[in-house]
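Residue numbers (this note's numbering), protein chains in the order written: chain A, 1 to 167; chain B, 168 to 750.
Derived by calculation from the structure, the hints in this document are not laboratory data.
Only a predicted model underlies this, so the values are computations on that prediction, with no experimental measurement involved.
Note that beta-carbon positions come from the ideal geometry of N, C-alpha and C, so glycine has one too.
Some hints could be false.
Here are the computed distance ranges between Cβ atoms for each label pair [unchecked claim]:
| no. | chain 1 | residue 1 | chain 2 | residue 2 | range |
| --- | --- | --- | --- | --- | --- |
| 1 | B | 233 | A | 134 | 37 to 45 Å |
| 2 | A | 101 | B | 376 | 18 to 26 Å |
| 3 | A | 136 | B | 237 | 53 to 61 Å |
| 4 | A | 151 | B | 246 | 44 to 52 Å |
| 5 | A | 119 | B | 319 | 28 to 36 Å |
| 6 | A | 147 | B | 427 | 51 to 59 Å |
| 7 | B | 424 | A | 101 | 54 to 62 Å |
| 8 | A | 91 | B | 441 | 35 to 43 Å |
| 9 | B | 442 | A | 101 | 30 to 38 Å |
| 10 | A | 134 | B | 441 | 32 to 40 Å |
Listed next, the in silico SDA-like pairs over lysine to any residue satisfying Cα-Cα at most 20 Å (straight line) [claimed, not checked]:
| no. | chain 1 | residue 1 | chain 2 | residue 2 |
| --- | --- | --- | --- | --- |
| 11 | A | 41 | B | 441 |
| 12 | A | 41 | B | 313 |
| 13 | A | 145 | A | 23 |
| 14 | A | 30 | B | 699 |
| 15 | A | 41 | A | 20 |
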Amino acid sequence: MQIKLCMVGAFAVGKSSLVQRYVQSVFSEKYHTTVGVKIDKKDVTVDGATTRMMLWDLAGEDAFSHLQTTYLRGCSGYILVADGTRAHTLDAALALNGRIERELGLLPFVLVLNKEDLAAGWEIPGERITALEAAGIRVLRSSAKNGAGVEAIFAHFARAPTAACIG
Amino acid sequence: MTPADSAQPLGETADAEPQGAREWQRLRSLLLGHERASLAALRASVGDHDSLARSVASVLPAAAAIRARQDDGLARVLAPVVEDSLQRSVRENPQPLVDALYPIMGPAIRRSIGETLAEMLQAFNGAVEQSFSVRALRWRLDAWRTGRSYADVVLLKTLVYRVEQVFLIHRETGLLLGHCLANGVVAQDPDMVSGMLTAIRDFIGDSFQVSAAEGVDAIRLGDLTILVRLGPRAILAAVVRGNAPSSLGVQLSETLESIHRSHAAALATFDGDMRGFADIDRSLQLCLRSQTRAPARSRPWRAYLVMGVVAALIGAAALARHRTQSDWNAVVAELRQEPGLTVIQADAAGDRHIEGLRDPLARDPAAVVGADRIRRLGINWNWKPYLSMEPALTQRRAQQLLAPPPGVNLRCDGDVLRATGVASAAWVTDARHRAGFIPGVRAYEDSGVTLDTRTIDAAAVYFEVGADTLSPARRAQLDALLPTLTALTAAAAELHRDYTLEIVGRADTPGTTQSNLRLSQSRAEAVRSYLVGHGLPAEQLRARGVGAVEAAAPNLHDFTDADRRVEFHVVSGAAGSALGAAP
Chain A
1 MQIKLCMVGA FAVGKSSLVQ RYVQSVFSEK YHTTVGVKID KKDVTVDGAT TRMMLWDLAG
61 EDAFSHLQTT YLRGCSGYIL VADGTRAHTL DAALALNGRI ERELGLLPFV LVLNKEDLAA
121 GWEIPGERIT ALEAAGIRVL RSSAKNGAGV EAIFAHFARA PTAACIG
Chain B
168 MTPADSAQPL GETADAEPQG AREWQRLRSL LLGHERASLA ALRASVGDHD SLARSVASVL
228 PAAAAIRARQ DDGLARVLAP VVEDSLQRSV RENPQPLVDA LYPIMGPAIR RSIGETLAEM
288 LQAFNGAVEQ SFSVRALRWR LDAWRTGRSY ADVVLLKTLV YRVEQVFLIH RETGLLLGHC
348 LANGVVAQDP DMVSGMLTAI RDFIGDSFQV SAAEGVDAIR LGDLTILVRL GPRAILAAVV
408 RGNAPSSLGV QLSETLESIH RSHAAALATF DGDMRGFADI DRSLQLCLRS QTRAPARSRP
468 WRAYLVMGVV AALIGAAALA RHRTQSDWNA VVAELRQEPG LTVIQADAAG DRHIEGLRDP
528 LARDPAAVVG ADRIRRLGIN WNWKPYLSME PALTQRRAQQ LLAPPPGVNL RCDGDVLRAT
588 GVASAAWVTD ARHRAGFIPG VRAYEDSGVT LDTRTIDAAA VYFEVGADTL SPARRAQLDA
648 LLPTLTALTA AAAELHRDYT LEIVGRADTP GTTQSNLRLS QSRAEAVRSY LVGHGLPAEQ
708 LRARGVGAVE AAAPNLHDFT DADRRVEFHV VSGAAGSALG AAP
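Next comes chain A alone, as it looks inside the complex (with noise of 0.2 Å):
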């Protein structure tokens, strides 16, 4: 079994970092620069069955990129990433959100709102993140930097890619 994977998510908030040492990779960052996307390989293993994930980590958007949906075309879903410390990076992934529903249509994602290990600098109050639970969409936290919370993101797509949860 395999599916295609994408991370988007605003620039700079830790999506390369997430996937760096967990996943297999061949090329280099300055594909995120040049192309707009990087990807990348990862074998999970759930209940004995292998599911082969291929990550589309697509270029961060800020005010010099703009997110190419066409990378999305034919995911299973996607992963949308938003740094825990910094509130309008949350604004920009759903603002993402809302463009790739609006082009691409409902697909499975999660929320992951990574920097957890900086909770002395975090920004997003907890009643948002009820409130957008409340919405129908998963949010989980993750540490790219000690690593909390990533295989999880993982797991979850291969346990049940369509019965993620759909926004």
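For this one, chain A is given, so just place chain B on it according to the hints.
Chain B only, in chain A's frame:
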């Protein structure tokens, strides 16, 4: 009762049945009479084995055709049956199958063998070409310099193009459906490359407003080209090094089309499940083509040449060997034929060695064979001395032992030694004694030898005018002749030859014939008396005076002192011929 009632087959009786049931039966008969009859007929036909078989047989082909169109259920069911039948057929009587397959198998096998041989020759030619040219030497240098294998360098230099990798990619997700790799090519993770390739296509399409239907069909970088063919559901990408021919693009398109046909369902419903594409690599393998610079169908001249040279060398070696062998055989034959040489053993294995016997009088074997052949064939030999009884050797031995004077010829006929010619009486006598001691000579035959009487015939005794007595000088002259005459006598006695010594007296012309005759007669008598007095047999000496009549001088007045003489003639027996008759 109606006629329908009587026709119905169930045959229930009115007495045994209650009234209600009877009524019910009547109603059935009335309503279904006709149908009941045809139902009964149908039941009978189904129950009857033969008619059922006929019915099924009429629809069987059509039914099989319909089912085959629907799914492969029929094939699945029949497969084991067909296998069983084939196995049974082969086991019980293979001939019909052999007959059926022969026309196909024969040509196929021949073709396969032919192609294999052609490939071998081509490969051999390639190897020869690579090994013997200056270019190959340069490439070997390159290989040594760059640390790559020679095969790598050759491939790189002679390659026109080579398909290194083929990717079959699901068009929508960019997920890899199949991948194959040429031998010896090192590649990155194909899953990730597949994704990246899709991303780059998307990137180019987005960046340069290329419609999705067109897409990118080639990406080129240096001598590397990625040929991309777009299908409705999948993308075929081939990584080619070198200059790909247009036929490769066509082949990629055809392969992609055939994959779309054969895997239509799996492609349409692809959700990441790879099971539908397990056999896809076989189709992709066909795209791993390559072409080298060597002309594909050139005649393998170099191979022919090398083979020719090898054949010529082998031929020359065989010829040399044959020549050496026949030389050796000739040498042995010549030695065997040479009188006085006997070859006991001729060994050609390893060093050529001869063991033999040699008569001391035989020719030197080295002279028979010749120094050149001895050196060339590397012959060594060992001769032991022996005495040969061959006529040639016996003759040689006789020649050495008898030392015949010039004018005498010795010849061996088998074990008989024959002497012919003119010899002195002394030699003839001596030879008779010696011949008996010559090994190999059983008999000595000298009837062909004439005794030499020239000394006697040339001798003359001269007298004074009118004298018939022997002066002391004349006696001394006769004394000198005596041994010769004695030897002649002895030889004649020995050889049992009859001879007479004629002593002829002469006179010069002055004087009467009568007186001259008398004078000449008394001169001959004087000589005879002297010889008889010195031991010669009187019966073999005959004195005769011839006067002046037989003088050689043409003119009677032109006489000399030489006319007053006595001369000798040796005559054989009474016939007076030369001494030489057989005893």
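Hint check against the structure, violated hint numbers in rising order
1, 3, 5, 6, 7, 12, 14
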